[in-house]
Structure formats: structure tokens, C-alpha cells
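Asks: Listed here are the chains, written in short residue letters.
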Amino acid sequence: MTTSPPHATSAPPGGGLRAGHPAIEFAGVRKDYLSHGEAVPAVKSLDLAIGQGEFFSLLGPSGCGKTTTMRMIAGFEEPTAGKVFLDGRDVTGVVPNKRDVNMVFQSYALFPHLNVRENVAFGLERKKVAKAEINRRVGEMLDIVSLTGYEKRQPKEMSGGQQQRVALARALVNHPRALLLDEPLGALDLKLRQQMQIELKRIQREVGITFVYVTHDQGEALTMSDRIAVMNGGLIEQLGSPRDIYERPATRFVAGFIGTSNLIDGRVSWADQGLAVIDKGPGERVVVPVPAGVGVGRDIEVSVRPEKIDLHRTIPGNVTGSLLSGVVTEVVYHGTSTNYTVATTAGTDFVVFDQNAHDAEDVASRGERVFLTWAPQHSYPIGV
Amino acid sequence: MDRVKRTLAPYLLVLPGGLWLLLFFAVPMVTMLSLSLQEGDVVNGFVFTGHWQNYVESIADYQTQLIRSLVYGAITSGILIVMSFPVAYWIAFYGGKRKATYLFLILLPFFVSFVLRTISWRMLLTDDGVLLHPLKEAGILPDDFQVLGSATAVIAGLVYSFLPFMVLPIYVALERIDPRVVEAARDLYASPITSFRKVVFPLALPGVFAGVLMTFVPASSDYVNSELLGSSETTMLGQVIQSKFLSSSDYPSASALSFTLMALLLAGIFAYARSLGTEDVMKVAAR
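Here the protein sequences come in this chain order: A and B.
Here the first sequence is numbered in full-length UniProt numbering, starting from 1 and rising by one per residue.
Here the second sequence is numbered in full-length UniProt numbering, starting from 1 and rising by one per residue.
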């Protein structure tokens with residue numbers, strides 16, 4: 001890239017709010033759809049600020065309200081209540097063509113009757129940018145997405161990955177305040193998807209524009225985002241960095257939706273100095289760090305990630321953290337790891353990912369009695 | 001053996017339709033072509049003499065009707081585009097779950113015989129019919145106002161007769177447009193009008209093209225509307241051909257006129273496809 005857009009330089013990627021206004025802000029937004037004469041909420045209550053230059057993901061299952069949220073930024077949907085701000089300007093009720101954001105659509109939505117150059121130039125032409133300037137910017141943008149030389153191609157003569165990059169160029173060439181991406185990688189195969197994830201992240205760093213990324217793919221969200229809003233049932237369940245969300249899920253839903261979690265219910269039987277113990281039978285226990293105020297007798301829910309758990313074939317000595325025993329019900333070999341399902345006293349389908357760093361003989365088999373241990377800090381209490 | 005079967009299968013499938021066309025289209029065409037170059041009369045019989053003057057004479061005699069037919073056909077197609085586009089657009093984008101019902105409603109009148117429909121138009125448009133009488137009573141129209149027998153009546157009838165043939169192809173083209181492509185245009189700063197002009201209409205062009213093809217050709221060669229709704233001032237070539245075949249038994253000049261009209265229509269269609277850029281139209285259509 002030879003030049004940067006004027007507003008591209010100041011916002012560091014990963015940065016929070018720049019001095020001034022957030023790029024996008026929702027204030028008390030609610031969106032109902034009419035279905036058979038009844039109002040069905042798609043987004044129940046949304047207060048959210050997305051920072052300048054941030055790579056922000058809206059993550060959730062289908063029907064969680066993430067796409068509606070994005071479409072309210074673009075102006076394709078209007079909130080039933082509340083307000084939407086772009087760069088501090090109230091854009092509620094402003095038509096899409098008057099909003100300074102651009103969108104990359106799920107199926108790219110390229111203009112089938114226009115070639116690549118004409119597709120990319122569409123927005124600039126509408127804005128009556130001078131012809132020489134259009135040519136320069138289109139050329140520059142095609143360079144960024146590595147499509148130089150494809151100007152005269154028709155969209156349908158291109159592969160999915162190439163079409164995807166045309167869609168990206170078509171939106172970014174306008175230097176929007178924010179780029180909205182609606183599951184942009186959904187139609188690509190795995191290899192290409194991973195490649196595009198890295199590419200998207202690189203482009204975002206280069207242009208410094210706020211990216212709002214809608215996806216149901218938690219892996220995608222974790223890899224690319226500065227912050228993630230996990231949505232469910234029209235509400236944000238948790239808002240935080242990928243690490244926050246993965247390691248410290250705020251709700252049971254988040255723990256289950258992001259990666260694989262083992263959830264343990266239990267009553268605190270001992271608590272001291274920020275640690276609580278849940279008794280799970282003779283010699284078995286779950287140790288979990290808790291905030292002050294969580295005392296003996298309190299019912300809590302604990303999440304532990306499968307890769308944090310060590311699996312032993314003989315009872316280990318000197319265990320300082322959690323210890324559970326169980327019987328292996330399933331062994332699945334994954335190349336880099338072996339995944340076990342273990343029936344324990346704390347739950348029947350405990351999942352353990354064991355890195356294949358050791359010898360093949362050291363693999364437990366189905367029906368074998370095993371012991372699971374993990375350090376106290378790897379237990380996380382949900383919603384406490 | 002299997003291989004032979006496999007190679008033959010496509011041809012066998014084409015055979016019934018092919019034979020049908022050969023028998024009922026190609027053979028009459030050749031007969032007509034030969035007829036148009038014959039001389040004689042119905043009593044003494046016609047002889048093939050290669051008398052191409054049939055063409056010159058009949059075109060000279062009926063050029064008014066010939067040109068009128070093409071003009072009426074063109075006006076009809078033009079009005080149909082303007083009338084059908086909004087209808088097709090509305091059904092395609094706002095029809096919701098009832099799209100099929102609306103399309104059926106468009107087609108419904110065409111379940112009634114086409115002569116009957118044209119006759120009922122005639123009843124509607126008569127000087128003292130249900131339409132004009134009240135307007136004359138109210139003094140909105142002068143007493144001697146007439147519609148029947150005018151070019152307006154004929155073209156109105158033609159427009160009515162061929163409406164579905166314009167609505168349906170445009171609808172099909174519009175229906176195939178991904179609504180997200182239209183949203184993309186709006187997202188890229190196009191106003192509703194601009195996104196229609198730059199995206200929706202160009203993408204619907206193959207439908208318009210098909211619609212013109214399906215209305216201009218039959219409207220230009222129509223003879224019923226002018227017969228029932230028109231007058232001697234609105235005679236179309238179809239009527240001339242019909243009367244030459246059925247009343248005056250002048251087969252050679254009837255055939256010559258038929259071929260002339262056919263040639264002109266074909267030439268017109270090709271020129272039209274060219275001017276629109278067939279390649280572009282086909283490209284969009286093949287999407």
C-alpha cells in the first residue's frame with residue numbers, strides 16, 4: 001500500500017476508544033419484527049460502543065440478533081426503540097446510502113452485470129469522485145487485495161475467494177468509517193477460510209478502519225477480534241477480549257458456545273483465601289478460585305477447559321488442585337491431540353484433550369479407569 | 001451396444017418433436033414459400049413460375065398496412081414495458097408468499113377465449129357502452145366522442161391481449177435478482193432511483209428483451225383486435241393476409257405478404273438484439 005486513507009493512521013489496532021467518539025454506538029436499542037401480527041424481539045436491549053480502529057466481532061448462534069444488529073448499523077433495519085450513532089452522529093432513521101459505513105455481504109452480492117473494476121468503482125462513482133481519483137483508488141485497492149490484473153473479469157468467472165476479495169475491495173475503497181462484514185468467509189472451504197482470516201486481519205491493520213465482524217464461528221472470532229460480543233436471544237451475554245471470553249466465560253451459554261467446556265455444579269464445602277473446594281466423593285474434589293464473599297454452602301457452577309486437564313492412568317500423588325476419577329467412554333485420535341470422554345462423578349461426559357507429546361503406549365483405552373487433575377487457576381466459576 | 005444406445009438416446013428424444021415440427025412447420029413453410037412465387041387463380045389452379053413480382057406488387061399495395069402493423073406492434077411493446085415493469089417488480093419483491101397467486105391472477109383472464117375477451121372489449125368501448133355513456137351523461141366527454149374504431153382502441157386491445165407475455169419474463173428476471181445485490185447498491189451510496197437505474201433495470205433487461213420478443217412479434221401480426229375494435233383506418237397486415245386467404249383466395253400474394261412480414265420481424269429482432277448487445281444480455285441471462 002502506497003498511501004493510507006486520511007483517517008487511517010491514528011487508531012492503533014486493538015485500541016480501545018480514541019479520544020472523541022466511538023466509531024459505532026448503540027444506546028438502548030431494541031428491535032422487534034412483526035410476525036403474524038405479533039412483535040417478536042430480535043434484539044432485546046443493546047448498549048454498546050465500538051472503538052475507532054477496533055476489530056469487533058458479534059458472535060452467536062443463528063437467530064441471536066447479531067445480523068440484525070449489523071443491519072441496524074448499515075441502515076437496512078431501523079431500531080424499534082433507541083438510537084444508533086456513527087462517530088458520535090445520530091444516524092437513527094438515516095437511509096443506508098447516506099451512512100458512511102460499507103458492508104461485505106455474506107454471499108458477496110457483487111453486481112453480476114459489472115466487471116471487477118466497475119464493481120469496485122461503484123461507490124466512488126456514486127459519490128462523484130473525479131475519474132482519475134477513482135482509477136487511482138481502485139488500482140490501489142485491487143493491489144491491497146491482490147487482484148491487480150483482474151479488472152476486466154466478470155464476478156462469475158472468479159473463484160469464491162477472489163469474489164470475496166472483490167467484495168472487500170468494493171467496500172474498503174470508499175474509506176468508510178466502519179466496515180461491516182456479515183459472515184464473509186462462510187462460503188469458503190477451510191483452507192481458504194484460514195488464509196482469508198489472516199488476510200483480513202492484515203488488511204485491517206493496513207487500512208486502520210473499524211471492522212465489525214458477524215460470525216457464528218467462534219474460532220474465527222477468537223483468532224481475529226480485538227473484542228467480541230457474544231450474543232444470545234437478542235442480548236449480549238458477554239463482551240470482552242477473546243482471552244476473557246474463552247478463559248473467563250461469564251455465563252453458562254458462553255462457556256458452552258465458545259470452545260468446549262466441562263461444567264461442574266456443586267456446593268462449596270470449604271473456602272479460604274480466595275479458593276473454594278467442592279467435594280465430589282472420597283478423595284475427589286474441584287478447587288476453584290472465587291471472589292471474596294463466596295462461602296461454604298453456596299451453590300456454584302465451575303467451568304474447566306478440556307486442554308487444561310491432565311489425564312493419568314494411575315492415581316497421581318501430591319495433587320494441589322482438582323482431582324476426579326472416572327471411566328473412559330470414548331477415545332478419538334486427532335493427530336495433534338487425543339480427545340477422551342470420561343464418565344466422572346462430576347459429570348458423565350467430561351471432555352479431555354490430551355496433547356500427543358508422549359509415547360503411543362501411554363494412551364488410555366475405552367473402559368479404563370483414569371484420574372483427571374488440573375491446577376486451581378484453571379477452574380473458573382461462572383456468574384459469581 | 002450400450003455405447004450405441006447412449007449416443008443415439010439424445011437423438012431419439014428429439015425425434016417426436018422434430019418430426020412434428022418438420023411435418024407441421026417446415027413443410028407448410030416450404031409450401032407457402034413456393035405458393036408466394038406462383039401464378040394463377042383458384043379456379044384454374046396455381047402454377048409455380050418463380051413470379052417474384054408477387055412480392056413487389058403486394059408490398060406496393062399494402063405498405064400502409066404493413067407499416068401500421070409494425071408501428072402498432074412497437075407501440076404495444078413500448079406501452080407493455082412501462083405497464084408491466086411495476087407489476088412484475090411489485091410481485092417479485094413485495095409478493096411475499098402470495099407470488100404464485102398474483103401471477104395466477106395476471107393469467108386468469110386468459111383462461112377465457114381470446115376472441116370472447118376482445119368482443120367484450122368491444123362492448124365496453126361502444127359509443128353508448130358502460131364506459132362512455134356515463135362520462136357523456138356527466139358532460140365530461142363530448143357526445144360525439146368515439147373510441148371504437150380508432151387506433152387507440154386497437155392498441156389498447158393489443159396491450160391487453162399480450163400483457164402476461166411481458167409481465168412473466170420481466171418477473172422471472174427480477175425474481176432472480178438477489179435482494180442483497182440491491183442492498184449492496186444502497187450501501188454503496190446509491191439512492192433508490194440510482195440503484196434501480198444502475199442495478200435492477202440492467203439485471204432485468206434479459207426479461208424485457210424476452211418480453212418484447214414475445215409481444216412485438218404476435219402483436220404485429222395480430223388480426224383479431226383490429227378486426228373487432230378497429231375500422232378500415234386501422235387495418236393491419238394480418239387482416240389483409242387473412243382476407244386474401246379466406247375471402248379472395250389470392251394465395252400467392254397472401255403468402256408473399258406473410259413472408260414479407262416474417263422477414264421484417266426477424267430483421268427487426270436481430271437489429272434489436274444487436275443494439276441491446278446480445279452478448280451482454282445473454283451474459284446476464286446465463287448467470
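Hints in this document: simulated from the structure, not taken from any laboratory.
All values derive from a computational prediction rather than experimental measurement.
Check the hints yourself; a few may be wrong.
As the list claims (entries may be wrong) - With a cut-off of at most 20 Å between alpha-carbon atoms, the simulated SDA-like pairs for lysine to any residue come out as follows:
hint, chain 1, residue 1, chain 2, residue 2
1, A, 308, A, 206
2, A, 131, B, 174
3, B, 97, B, 87
4, B, 99, A, 35
5, A, 98, B, 181
6, A, 156, B, 205
7, A, 308, A, 269
8, A, 156, B, 177
9, A, 128, B, 86
10, A, 127, B, 176
11, A, 128, B, 193
12, A, 127, B, 183
13, B, 198, A, 277
14, A, 98, B, 196
15, A, 308, A, 377
16, A, 156, B, 174
17, A, 156, B, 176
18, A, 152, B, 202
19, A, 44, A, 20
20, A, 308, A, 381
21, A, 280, A, 311
22, B, 198, B, 86
23, B, 198, A, 151
24, A, 128, B, 194
25, A, 128, B, 175
26, A, 152, A, 134
27, A, 156, A, 98
28, A, 280, A, 345
29, A, 127, B, 196
30, B, 99, B, 193
31, A, 280, A, 219
32, B, 198, A, 117
33, A, 127, B, 174
34, B, 198, A, 130
35, B, 198, A, 308
36, A, 156, B, 180
37, A, 98, B, 198
38, A, 280, A, 266
39, A, 280, A, 381
Asks: Please name the hints from earlier in the document that this structure breaks, with their numbers sorted from lowest to highest.
Replies: 1, 2, 7, 9, 10, 13, 19, 25, 27, 30, 31, 33, 35
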